[in-house]
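Next come the chains, spelled out residue by residue.
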Amino acid sequence: MSAAPKSEKERVGVYVCHCGTNIAGIVDVEDVALWAKKELGDDGVVISRDYKFMCSSLGQELIEHDIEIEGLTRVVVAACSPHLHEATFRGACDRAGLNPYLCEMVSIREQVSWVTTDKVKATAKAKAMVASGVERVIHNEPLDRMYVPVHPDTLVVGGGIAGIQATLEISNSGNKVYLVEREPSIGGHMAQFDKTFPTLDCAACILTPRMVDVGNQPNVELYTWSEVERVDGYVGNFTVTIRKKARYIVEADCTGCGICWEKCPKKVIDDVFEAGLGYRKAVYTPFAQAVPKYPVIDTETCIYFQNGKCRACEKFCPTDAIDFNQEDEFITVTVGNIILATGYDTFDARRIPQYGYGRLANVFTSIEFERMCNAAGPTDGEIVMRDGVTKPKSVGIVHCVGSRDNRYNSYCSVICCMSSLKFAHVVKERTDAEVYEFYIDMRTAYKDYDEFYQRVLEEGTHFIRGKVAEITDAARQPGEEGKLIIQAEDTLISRQRRIPVDMVILSTALEPRPDSKEVGHKFGISCSANGWFIEKHPKLDPVATMTEGIFIAGAVQGPKDIPTSVAQGAAAAARVLCHIGQEQIELEPVRASVNADKCSGCRICNDLCPFNAILFHEDLMVTEINQALCQGCGTCVAACPAGAITGSGFTNNQIMAQIEGMLMFSESNGMTRVAEPVAA
Amino acid sequence: MEKYLLYPGCAMERSASAYLDSTMAIRDDIAIEFEEVKDWNCCGATEYISVAQTPAHALIGRNLALASQQINGTNTLVAGCSACYLNLSKTDNYMLEDDKLSEQVNVALSAGGLNYQPGTLKIRHLLDIILNDVGLAAIREKVTRPLKQLRIAPYYGCMITRPDPNKHFRNAEYPQSLDKVMRALGAEVIDYPMKTHCCGGHMTQISESTAYEMIRGLLYGATQYKADVMVTLCPMCQLNLDAYQENVNKHFKTNFNIPILYFTQLMGLAFGHDAEELGIGKEFVSPGKALAKIGIEIPEDQASPKTKRKKDDPSLPMPAMPKDEEVI
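Residue numbers (this note's numbering), protein chains in the order written: chain E, 1 to 680; chain Z, 1001 to 1328.
Treat the hints with care, as some may be off.
Pairwise CB distance ranges (calculated) [to be verified]:
no.	chain 1	residue 1	chain 2	residue 2	range
1	E	Val272	Z	Asp1133	39 to 45 Å
2	Z	Lys1122	E	Lys309	53 to 59 Å
3	Z	Thr1120	E	Asn530	36 to 42 Å
4	Z	Leu1136	E	Asn530	32 to 38 Å
5	Z	Gly1113	E	Ala469	25 to 31 Å
6	Z	Gly1113	E	Val115	14 to 20 Å
7	E	Arg455	Z	Val1327	55 to 61 Å
8	Z	Leu1096	E	Arg455	55 to 61 Å
9	Z	Ala1243	E	Val272	48 to 54 Å
10	E	Ser57	Z	Ile1328	44 to 50 Å
11	Z	Lys1122	E	Leu540	54 to 60 Å
12	E	Asn530	Z	Lys1122	34 to 40 Å
Derived from the structure by calculation, the hints contain no laboratory data.
Glycine included, each C-beta is placed from N, C-alpha and C at the ideal position.
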């Protein structure tokens, strides 16, 4: 049954890719190509070919040749997902002089050959999908590419090692960077550590020179004790409002001499930098090498802010740099690109009460132990029990606390095996203690890591493969009195074991920051269910996000060690420099627009736009969409009750024709055409 | 007056009569009313279900069937004994999940003209009722003799928090319900890692040395933290810790001397009831010395003197578990 040709003027080419055996192993690609030529001729299909690798240069040349010689006006490529190769085939069309938006891809790999083993059904579905692509492509309209200029300045959020690396790469190239850090100093978690695996360099020795570089680099404008309040705009042209929280210190006058925190009478537990293991004053810098050197006054604990008396710091400051009346400042900057490197938090070990943290004094977390090992930490690097004096004679180190556990986080936190091995080495180096490591699997991938494991094995640390059930102080056997008893199944000998130790270190999981969802929303990027930010492509685009101009680096994307965080910081910087170098960025021309005649002014779409691209004209009572801000997501198109909003590249005509094409085909009857093509 | 159906179980009528007496003594204070299930039978304890599952479920099912006949304004069936509570809720849940079991149980019950539709009753432990229905505010209101300075080791045993089919006790490893009730009475509640370990159950009848070690661990766990009294919510737990304390001492050459009371007895004392009315005096280990601490008036400041950190104190700060209202 055949109606009049729908499209007399369009000449459509169909290309069915084998993808080696990825597609051809399941789908009869030759049959699909022959079928398209025969059955879809009425729709304008003049050429239909199958080819081993359409994405190869020969495959692309095939398309270019047919456009130039056979006069194709539309192209359909049945291959992988458009995520992978849409740009490739659009490029081929472009080179042959065909508007790239007259090319459509249908995914017969991800949506067909990879999801079934039934060859007959797969071939039938591939035909239905090719039909839908052909029906759609004849309604495609040529679209013009859009270009936006790129502001050369960059915002980096988070001053840990990833953010520092990104900042230095970009600023050293001669471009300006605004680095915003929530804490009083940059340095991040790395500044808390003592040694770094596997080489055991001192963390401060390798980190602080970079911090000083950031402080001295004239292209860097550093905002510590600050947070990003608001982000508007789009790639190339973001407007960012930074809240610079009041330090109560006049930075211009402060010399960082330290008399204020020496004289401050209020000592409080430092829950952030010292991880609760040490003290700081109410006016403080987190550590001696802080960048910048200026302290902050913590109003929550400051005696003056709480009781209205004291002002000791003000009395003793030699440069009159204390200003109790300072207020938060708001600074607005324009940047072309943004890098988020806001890092991670550690798992609250109190969530596993049977491991005793918070209940048994000598159970420590890994971050507490890092501070304890640090020569500048609360114990001056002495490994001691909670009494601050006694050296442990035996130490148990528990891996995977809050990681690889469905009750908390199912993922592996990546760094804990190596940092636990590092702890074992440090304990051995500084005490005579026996060390017991309780692990599920030992994960020491990457360069020189397994060699470090071998070294720790040779040093005599005892390794027990098994998940710890509980840690108690309930002695049962001689030798257990006064000890912490770690109960675990040793899966290598299939026996329950009780190991009495003086001290336990829990290697806690890495977790997303608790406010990661809000931060993601602020910057228009999304988090996985776990709360880690999602990269554009897990392998091929690990530092970009689905939002153009927003990049991620370091542990904000998932647990990571220092080398990988540094590599990502540099990678994100390279991506930003590429944008800056181009001076303008090409944008997808897929945009929504409002037909003012049809718009009833109901404003339903107004609040839905995730990109703040919709504005409402009160005087005319109609909505308008800013073409530069619109990202073409289609939310407003779907929501408009009057059908007044159209998405270019996704018009109702195209979508309806695509659905019709899909439904026209059935396995038993082949193509069934309705008498009148559906008009939208 | 909130009304509940009550399944006392064998122990509460005999060895643990103090538990039942104290529960009855405080029911007016906390405005609850019990209607005992008529003609109830033994729940089979921990043994029967391990030996013959289907008959064990039928035995328990009979109690459920009888209770469901008495539904009149309430369908909540309360048990004070942890084993009874677990058995009743196990059978109800298993019947709900397994149609075949449900049919078999009902075939057995039909011999006595009975029938039970699983899910008809809500089965709850007495502690759950007191914490969640009565509430801490109502408990605090009734306290006339705060248990000031009495150091209490709350002991949960293993059966109410595991497997906890209906999720009444949030955290199997670190339950807080009994801690909260005891704090509401003004007591000083200690935390110790052994609070959800098993008391050994009927292991005393099978392997004494095994049972003694399990009991010893609990006594040791609590006394290490200088507890004055261990508080239980299960007749089996109370019996093992109390009646076998002497045997444990002989076996291990230890000298534990810690009284084991029911939480309802402590509530009764705090509400101003006489010790005798609450069944106090029936224990093997006398609570005399511990209870002498209550009633002595101690000014609040002295109760928990704030220790000021000495200047040359080298000790490191200690993290603390979250307060009741803090969520982690």
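**Report entry** Hints that the structure is at odds with (numbers, increasing)
**Finding:** 5, 6, 7, 10
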